[in-house]
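*Asks:* All chains, full assembly: derive it from the sequences and hints.
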Amino acid sequence: MKSIPLSEVPPELLKLLDENKVLEEQRIAQQGYGKPIISTEFKGRRLVVIGNEVFDSGKCKTFHEALPVYLKVLLGEEWIKKELEKELAARHPILKWHHAMTAYQRENIKGPGETVSTLGAISALLGLSYSLYLMAHNSELQEKLIKRLKDPNQFLGAHYETQVAAFCIQAGFEITLEDEDDPSSTHCEFTATNIKSGRKFSVEAKARTHGKKSGAISSQLYSALKKSAEYERIIFININTPEEIINLDSTKWIHEAVASIRGAETRLKIKGNDAPVAYIFLTNHQNTDNLNDIRFDMGAVAESFKIPDFQIDYPFSSLREAIDSRDRHKEVSDIFEAIKRHHKIPSTFDGEIPDLAFGEY
1 MKSIPLSEVP
11 PELLKLLDEN
21 KVLEEQRIAQ
31 QGYGKPIIST
41 EFKGRRLVVI
51 GNEVFDSGKC
61 KTFHEALPVY
71 LKVLLGEEWI
81 KKELEKELAA
91 RHPILKWHHA
101 MTAYQRENIK
111 GPGETVSTLG
121 AISALLGLSY
131 SLYLMAHNSE
141 LQEKLIKRLK
151 DPNQFLGAHY
161 ETQVAAFCIQ
171 AGFEITLEDE
181 DDPSSTHCEF
191 TATNIKSGRK
201 FSVEAKARTH
211 GKKSGAISSQ
221 LYSALKKSAE
231 YERIIFININ
241 TPEEIINLDS
251 TKWIHEAVAS
261 IRGAETRLKI
271 KGNDAPVAYI
281 FLTNHQNTDN
291 LNDIRFDMGA
301 VAESFKIPDF
311 QIDYPFSSLR
321 EAIDSRDRHK
331 EVSDIFEAIK
341 RHHKIPSTFD
351 GEIPDLAFGE
361 Y
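Numbering follows my numbering, in which position 140 of the sequence shown is assigned residue number 140; successive positions increment by one, without gaps.
These are calculated hints, taken from the structure and not from any lab test. Note that the structure is predicted; figures quoted are calculated from it, not measured. There may be inaccurate statements among the hints.
No farther apart than 25 Å at their CA atoms in a straight line, the calculated lysine to any residue pairs in the SDA-like style are these [as the list claims (entries may be wrong)]:
hint, residue 1, residue 2
1, Lys252, Gln311
2, Lys212, Ala90
3, Lys340, His329
4, Lys306, Ile345
5, Lys206, Asn153
*Replies:* Structure, rendered in structure tokens:
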């Protein structure tokens, strides 16, 4: 291979390289650091590569249209048909989301090309579809997870696990799911390995049931910390309270959740020993509980258990201390940035800006 000094590279090639760099940065801003969406049109049909398979999404024009089609394939037409035969109140949550979405679209979209505000049900359906896509495209999607998602009694936890896996993938991590058939010990949901640094974390996800008025999370914290972990721990807890984040200082659930963590630091024991340290992400994703509302909170807070300089109110004594702390916790901070940056699901297949790709879209 011949090396060419930058000064000898033709201007038109430099321009092309700069354009490609900008396009890649634009794609990452939309899709995160996982594998890019790989897609093409062939004989009038949209084909999407997902992992080692090619998925035919029909005549879908946007990624948003393709995702529910993919979810339908994963769930299976027979299972969906059986659920639709039930009364609405008895249906699986996913089918309730779908019902709310289609009813809203029928009411508000009167012609082709029209768009509407994102409803909670639409956000929930697209979010689950996208999380499963990211897992299948970047690591693995176990049939056992699909079975758990289909089970109403296991759906809440399984759904949150897919969200957490998606956060890590978008932040630049490879995920390896734990062996669910291993009865010899309890274990976390998966191992997350940072692609750049190789740093590994054992990740656990806990979701509270909907409608909790308090932010206290002592039971979820204990349940997560007692799991066996091979690497540094990251714990995600979805608060599931109807309260919105107005600001960090006045939000009740944040104060109560953080108080639960701080109170447990000195007293919590696991099998008679001091509980292990852990990074903690507190989320409050309300879309699945506000199906017919266009306003729903998707808040998140980065905290820790016994890691003082990763706590929300840690008083850094100097700029140098703050910089050293940032570098020490960079991989975990990247996950928090991914949660904040990628709450919107990409609508284009190639990372193009939607307004340019779809005109009035």
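*Asks:* Between the alpha carbons of Lys340 and His329, is the straight-line distance 25 Å or under?
*Replies:* holds (17 Å)
*Asks:* Please work out if Lys212 and Ala90 have their alpha carbons no farther apart than 25 Å.
*Replies:* With a Cα-Cα distance of about 22 Å, the restraint between Lys212 and Ala90 holds, given a limit of 25 Å.
*Asks:* Given the hint that Lys206 pairs with Asn153, does the C-alpha gap stay at or below 25 Å?
*Replies:* holds (14 Å)
*Asks:* Mind checking the alpha carbons of Lys252 and Gln311 for me, to see if they're no more than 25 Å apart?
*Replies:* holds (17 Å)
*Asks:* Quick one, are Lys306 and Ile345 close enough, alpha carbons at most 25 Å?
*Replies:* violated (34 Å)
When each numbered hint is compared with the structure, a violation occurs for hint 4 only.
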